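Residue numbers (full-length UniProt numbering), protein chains in the order written: chain A, 1 to 300; chain B, 1 to 300; chain C, 1 to 300; chain D, 1 to 300; chain E, 1 to 300; chain F, 1 to 300.
A hint or two may mislead.
If several chains are the same, the list does not tell them apart, and a pair holds so long as it fits within one copy or across any two.
To be verified - Here are the simulated lysine-lysine pairs, DSSO-like style, with alpha carbons at most 30 Å apart: (1) K199 - K235; (2) K12 - K110; (3) K199 - K12; (4) K199 - K225; (5) K199 - K110; (6) K247 - K110; (7) K247 - K199; (8) K247 - K235; (9) K225 - K247; (10) K225 - K235.
No wet-lab data here; the hints were simulated from the structure. Values in this document were obtained by computation on a predicted structure and should not be read as measured data.
Protein chains: 6
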Amino acid sequence: MITSDYTPILNKAVSELSESQSYDGLFHQYKDGEPLPSAASLRRIVELAREILFPGYFGNSTIHRRTLSYHIGVNVEELFRLLTEQIQAGLCFGIENALSDEMSDAPLCKASAKNIAAQFISRLPEIRRVLATDVEAAYYGDPAATCFGEIICCYPIIRALTNYRIAHELHTLNVPLIPRIITEMAHSETGIDIHPGAKIGSHFTIDHGTGVVIGATCIIGNNVKLYQGVTLGAKSFPLDEHGNPIKGIPRHPILEDDVIVYSNATILGRITIGRGATIGGNIWVTESVPAGARIVQRKG
Amino acid sequence: MITSDYTPILNKAVSELSESQSYDGLFHQYKDGEPLPSAASLRRIVELAREILFPGYFGNSTIHRRTLSYHIGVNVEELFRLLTEQIQAGLCFGIENALSDEMSDAPLCKASAKNIAAQFISRLPEIRRVLATDVEAAYYGDPAATCFGEIICCYPIIRALTNYRIAHELHTLNVPLIPRIITEMAHSETGIDIHPGAKIGSHFTIDHGTGVVIGATCIIGNNVKLYQGVTLGAKSFPLDEHGNPIKGIPRHPILEDDVIVYSNATILGRITIGRGATIGGNIWVTESVPAGARIVQRKG
Amino acid sequence: MITSDYTPILNKAVSELSESQSYDGLFHQYKDGEPLPSAASLRRIVELAREILFPGYFGNSTIHRRTLSYHIGVNVEELFRLLTEQIQAGLCFGIENALSDEMSDAPLCKASAKNIAAQFISRLPEIRRVLATDVEAAYYGDPAATCFGEIICCYPIIRALTNYRIAHELHTLNVPLIPRIITEMAHSETGIDIHPGAKIGSHFTIDHGTGVVIGATCIIGNNVKLYQGVTLGAKSFPLDEHGNPIKGIPRHPILEDDVIVYSNATILGRITIGRGATIGGNIWVTESVPAGARIVQRKG
Amino acid sequence: MITSDYTPILNKAVSELSESQSYDGLFHQYKDGEPLPSAASLRRIVELAREILFPGYFGNSTIHRRTLSYHIGVNVEELFRLLTEQIQAGLCFGIENALSDEMSDAPLCKASAKNIAAQFISRLPEIRRVLATDVEAAYYGDPAATCFGEIICCYPIIRALTNYRIAHELHTLNVPLIPRIITEMAHSETGIDIHPGAKIGSHFTIDHGTGVVIGATCIIGNNVKLYQGVTLGAKSFPLDEHGNPIKGIPRHPILEDDVIVYSNATILGRITIGRGATIGGNIWVTESVPAGARIVQRKG
Amino acid sequence: MITSDYTPILNKAVSELSESQSYDGLFHQYKDGEPLPSAASLRRIVELAREILFPGYFGNSTIHRRTLSYHIGVNVEELFRLLTEQIQAGLCFGIENALSDEMSDAPLCKASAKNIAAQFISRLPEIRRVLATDVEAAYYGDPAATCFGEIICCYPIIRALTNYRIAHELHTLNVPLIPRIITEMAHSETGIDIHPGAKIGSHFTIDHGTGVVIGATCIIGNNVKLYQGVTLGAKSFPLDEHGNPIKGIPRHPILEDDVIVYSNATILGRITIGRGATIGGNIWVTESVPAGARIVQRKG
Amino acid sequence: MITSDYTPILNKAVSELSESQSYDGLFHQYKDGEPLPSAASLRRIVELAREILFPGYFGNSTIHRRTLSYHIGVNVEELFRLLTEQIQAGLCFGIENALSDEMSDAPLCKASAKNIAAQFISRLPEIRRVLATDVEAAYYGDPAATCFGEIICCYPIIRALTNYRIAHELHTLNVPLIPRIITEMAHSETGIDIHPGAKIGSHFTIDHGTGVVIGATCIIGNNVKLYQGVTLGAKSFPLDEHGNPIKGIPRHPILEDDVIVYSNATILGRITIGRGATIGGNIWVTESVPAGARIVQRKG
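Chain A with its partners taken away, still in its complex shape (with noise of 0.2 Å):
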């Protein structure tokens, strides 16, 4: 296909692409034994998980409660596995990215790996009950819903907390990128963008959903309900010695238990909605907001 008319311009466009200086801090150089976390096998990671919570309903439908656990055991020595190669990969990149290349050790990584993996899964009967909670949430806060069996197989908001609740777990033992990539999955599917950071408690539910954020300071207390479009995001993040921002500083809003926040409200900043309070739509919160009150926009 290449003619000869048009080969000096791509031989022309290969090199140039090629020089490393061109390709400086966009390239990840492969270490032996230490690819990057895969894609492919977070989905199915994800998959795995889902199938393991909400058996029946993902993965193989026609399981049987006598034959649950043989699903089960399968299921959840395939997630060992698959979760100990990609936090390995993630501990890896994490050391590679964060100090010098000396210290990157892939058998300690992979020590590790297997003790995160492994602690991970034992958290999961708990992530499971937690994700009961939100189904029961989103069930009776929504009166166009019919079951508790279609929240589960459709509501965005459900695809959602699985990731966060899943990456919020890797989060907590300290493992890097993995979560964050996690979390940006149903982030693409359904237009939540839950920072895995982010700590929230039971009974959670987003109505809809698209356009919500929820940053990685964020706490929020149980029996909290969104709506699409709500921000929970920083009002502005002091800057280093050298006009960098600064990590790790609590930055978002809490919300304390019941709150409820209407459509497209913005809440920036860390202040505190107290115990009840509702916010309206379409509001700019900057300010904390005491217990049990009602703020709503000036009418249009």
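Fit chains B, C, D, E and F to the given chain A structure using the hints.
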């Protein structure tokens, strides 16, 4: 991969996750011959409908006027078969969830499913007629559009409306669960969330679309245009004696013919936006608006 | 599966759906050797471009500095071949739709297509140079980011900008249809809708991104940052004597260097946001804003 | 692609090929709910059986003694489901072909199918026991073999015998059509054609295997070894009054224990090769051979 | 993965393998628009032909008498398109190899290819008619056969003859390369090697089949039956002045009507086996045999 | 699907099949990081080798003289990586089976595996050189062959020899198991069974090929031609004190240069067929044959 160190941890997790109280409400018990609706099958059903409705644009792009009826014939046959299976699965699921177990009756479901699938197919010509008006509305409403083909190929509103118009017919035929799964597919792909219960007239369009929400009891006239981020939602909903939302009450807006709603406006409750009214962007509307009115945000 | 009862219904549907007036405007008539642009092929084209631009992050993650040029060479060759095919399909489609049928000339389209594809490839080094500035901007603008690799792997803005910058070059080279399909792919994945006609400078970033709309005639300077839900749209558009919108008129905002626009702000019409200005969240702006100004919503 | 010149030719072919007399005897008329046995499904069934019989060699190669029962459990469940479906399809097919149409009764077929599938599964431990003797025979009979694992992984005789022993059990359970499809799969892969009706003892092996034929009424004792190209066939078969071969008459050889048959020998008719006899290569044998005899070709 | 130790070795291999004299005669130089025939495409072509010839047995097993013509229509259209492409590739390949480079002319090849593809399709009804006689012959010749359906589904002779009869028509239409690829596919699957140039009458069958060879200039009458391992080959072939075999000389046997050849018999040279003759197994025949004769091996 | 009636039967089967004595010798116990050689990976390895050896015929058919080295480079890199993995798996497997468990040492295996893979790659130019002579031999030996391309594309002998020549190099490098899997792949596809241990000179060909067997200790000179069904086998093999065959003893024939062996001939034992000898079809040869001799079957 499971080494001796981690086996007890994993086995403990397997046994906890296999205890029946731990998956209460999160488990779908398979009954012989009644699998859940299948996402893959529903995706194929939507594809087939798209191939039938927009011949040459979707599916086989080399079809020809002279051979068109062969393709329509084959596609209708496959659509009938898959739809019958999925409607049957949906009916079984619906019965199982809504009522007592004893009433589930696979052969009855199958006979109903065939009947419904045939009725749905008989409405495809009408669905195509209305979608043609939507394509026109998108084309004449966007100066950046270059031809009908571009609209059909890549405008998210056409994808969202195709799924909605299919789902709405199935909803009208009382098929449970499946219509919602079909509109959620489009929600995930386009960020446009239209409940299958909403009633929408001809020549409807949404520009850009991300973040739009159209609730279950909305009624939208002909020739209506929305922009991205518009919510047509419920203001609040009455609770029954148990504190649960009462289902089925009209609670979303009515938009009469020729209404335009600009980006990120929020219209809530069973109010009426009168014929030809214009609602400005970023506005919160909770009371009816007379025909021809023009509501805008006060200056920022 | 089609039993005698339903055959007449289905056959009636088939014949109605095969009548040519019923698919008028919704049918793409195949002409010999001129298929439609293929979504699968365009997806592969974007993947290949991504593999070339960010080596090691996309595609083969085990490539090496020493073997990089082999991979770039193979990828450029495949990209040239696929792009030539798709541009040819796009040109044929464009001619067919814009003008009369007679002018479509496949060999001419093919020669042009090769020429355009080669020109596009010669611009890849420049596209990479600008994307590197976008990665920097995303990294320095987000305290939650841990390294460049995380930005490249999973930040939606990089996915959206990669598609946009590819599509914009093709748009500049007068390729019809295809640029729009490429940006709509990113719109579906990220909720960020950038028209390929927009002009965007270096060091551009969007945080979170869902719901952002950037119109076809926007001009954006260097070092601009947007947040989720921002609209850079048209206020209204003049109609021609037939009541149709006039195409090609500048109608979207100009954002000068160093502008920041917070979440859910809406900026409409051919106005200018001056250098270094800040636009607060949830605001509706329809008039120009001077350099350095800071526009915010009045308190909720 | 179909241009005007060729349309009449193609349409003529379509209509000739659609005339019912032209496909008489070559058409399989679908009846509701009774599809043909599926080659893909049968391939999966054989794979599952192989995974169960030789754990760790086929299917998941990372399984572990401690987790083996999970995998066996999941595989047995899937095997039971697929086998029930395929046996049902085979029974329907068999009834339809053997008898009149009215006797076909899908629910009855389904009940029988489940019963047969369960019986088949209950015989898997015995099938494994016999296959273990075949692996031994192959190992001890070939100086080039290095370990049991090599035999199991890549010797064609093990593949052929696994399919045969599965098919023979299904044949014994009176399942029509499916046993033959399963042995023909192995025939295609290995060139070894064993009819599922043949009876074969333990410690059976065939070296190289290509071209071996073992007819439907063969009886083979324990510890028999064949080489490539051996035929155990029928000499002739009596015709009925219509000149058609009479079915079911014993017409193939009996090989007693410890017989060896060298390459390309042909043994025809209901004769007996006595215990411990050796048949030389390239020989044509049509009369019984006493125990311990050694029959060889005269020198070339 | 390529570590510093091995890079020089690998690079040396790459450069040796890229030297043009090293791949002389083993390289296929791509010319614009003229790819090689594609094995995947030819496999699909054979599948389509099989679906058309044996409706309901191959491809969609749920088709129905009433919808059969839709399926035949769609399949014929796809077959015409793929066959045109592959014949064009074959013609270009043939020209390139047989003659000088200058004579290759893609548009001419394409016009011829369409013409040939249409002629091939017009012969499908006749191919079906003859294959029906082959199915009968296989059925009436095998006491183990239970019905026509079993023959069509799983007898290797039907697979081999379908490929041969397709390939022979293409050979007769002077298509290079492709007929041989099609018969070699069947050779690989069945062990039956029939050259596409052979001429074979109706009611032909081969029992078991593995190892059968039928040479390029064979002529076989009606109602002939072969067994496994039969060779119909050339005895020797005259050389030209350069010592190369002269092409195109009749050099394989003629078998008249009603001949039977038993297993592993070898018949060589341009001899004639007269009507109704029987050739015993494991025999070497190099001289003509009169009609009705019965040739057998002397006793072993 | 598992109804109450059959659960006990299935559960009984599961538990019997999970008892360790039942799978003794049939189970491959996974050890951490040491999976079995993978059939899919080995298939890809053979494909890659074929793409490198015959550029343009296999793999990307649109490659070009000017871009060939990019493709060779990418393919060699992938081949090195996959081959290292598979050789490592083979070495681990070999150690585990041949010796005691304690000696298996994954890192050592990996270092050896890399070394062997690099050596193998350094021999690819020589493998190509010899295969080129085989292509010539096939072409000049078959009057039906029309060009080199046809031989490379579809003659089974080239497929069989490519696998054999690859496998033989790996065998020479002392890789266990893998060489045999590679030749068995070709055996399954072509019916030609060449043991990787055999030594075969240049300009080797086999016509048709089905049923040919070439044993592990065969030595074949240059310019030898075989026909279908030829066996070069062992006559008998000495047993050790336990009655098991002694491994590694030369026991297959030596064929000197320029030998021809016609179809279905069987040559057994460590005998020598002298230079230029011809062995007729269907013959059984167990004694050495002098140079230039011509051995034929007595008339049938």
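Structure-based check of each hint:
1. With identical chains, the CA atoms of K199 and K235 are at most 30 Å apart both within one copy (19 Å) and between copies (28 Å).
2. Only between protomers do K12 and K110 lie at most 30 Å apart by alpha-carbon distance; the minimum there is 22 Å, versus 42 Å within a single protomer.
3. For a Cα distance limit of 30 Å, the shortest separation of K199 from K12 across copies, 26 Å, qualifies, whereas the shortest one inside one copy, 51 Å, does not.
4. Both within a single protomer and between protomers do K199 and K225 lie at most 30 Å apart by alpha-carbon distance, with minima of 14 Å and 27 Å respectively.
5. Only within a single protomer do K199 and K110 lie at most 30 Å apart by alpha-carbon distance; the minimum there is 28 Å, versus 44 Å between protomers.
6. In the homo-oligomer, the alpha carbons of K247 and K110 lie at most 30 Å apart inside one protomer (28 Å), although the nearest pairing across protomers, at 41 Å, exceeds that limit.
7. For the identical chains of this complex, K247 and K199 are intra-copy neighbours only, at 17 Å inside a copy versus 32 Å across copies, given an alpha-carbon limit of 30 Å.
8. Within a single copy, K247 and K235 get their C-alpha atoms as close as 14 Å, which meets the 30 Å cut-off; across copies the closest is 39 Å, which misses it.
9. For a Cα distance limit of 30 Å, the shortest separation of K225 from K247 qualifies both inside one copy, at 28 Å, and across copies, at 19 Å.
10. Proximity of K225 and K235 under a CA criterion of 30 Å is satisfied in both settings, with 22 Å inside one chain copy and 14 Å between copies.
Going down the numbered hints, you'll see the structure goes against none, and every one checks out.
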